[in-house]
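Q: The listed protein sequences derive, respectively, from chains B and S.
Under the numbering used here, the letters of the first sequence match residues 1 to 114, in that order.
Under the numbering used here, the letters of the second sequence match residues 115 to 229, in that order.
Careful: at least some of the hints might be erroneous.
As the list claims (entries may be wrong) - What the simulated footprint calls covered on chain B by chain S, stretch by stretch (three residues with Cβ under 8 angstroms from a Cβ of chain S suffice, anywhere in the stretch; the number is not a length):
(1) 36-43
(2) 50-63
(3) 76-83
Because the hints were derived from the structure by calculation, they are not lab data.
Note that the Cβ used here is the ideal one computed from N, Cα and C, for glycine as well.
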Amino acid sequence: DGGITQSPKYLFRKEGQNVTLSCEQNLNHDAMYWYRQDPGQGLRLIYYSQIVNDFQKGDIAEGYSVSREKKESFPLTVTSAQKNPTAFYLCASSIAGQADYEQYFGPGTRLTVT
Amino acid sequence: AQSVTQLDSQVPVFEEAPVELRCNYSSSVSVYLFWYVQYPNQGLQLLLKYLSGSTLVKGINGFEAEFNKSQTSFHLRKPSVHISDTAEYFCAVSDRDTGGFKTIFGAGTRLFVKA
């Protein structure tokens, strides 16, 4: 079955450590996205990529970094510079970056930093 | 800038009763509208979308939504809910001129279906 996988489902880290969240898709989609979800705030865009080797900052990119070396993979690194990293992180993809294409979401990674 | 307001943060309803989840967006010339559902600890999945044409859109699981341009609304409805509809529902808007990476999501409405 085609879809998006995110791993791990739960992740625990100590403050000051960088951590990388995995996102893989086998939908052959060009566009990929990372969102952060906090209670009562909906989804906020961290980074997006419309094509391999290209990515752009979203609304809350500070303290995060990404890479897009392969079409199917879009890992997110939460760095120690992110002041409040504890959240639910969602990866998504769409056929392309146009506005009329719906996004397909992975199951999410819940990150807890103490 | 585009914005989306989901007017109710929580909606409790009894099983087999009808439900309406409200969504308003800020005005724009050309918008595309989406409703997504999120079950606990899972990602979002598409319920339905409005791109153009008929203002009444039917989606999965018996849900439908009506696009009202004059009121800038896109309310989600279901005539008879089931326990399994308990989830969080997100309204989303994208603007044809700015692309999918500018999709704006509402804060979500948590639907509780009681027996």
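Q: Next step is simple, just say for each hint if it's right about the structure.
A: Evaluation of the provided hints:
no., hint, in the structure
1, 36-43, "holds (count 4)"
2, 50-63, "holds (count 3)"
3, 76-83, "violated (count 0)"
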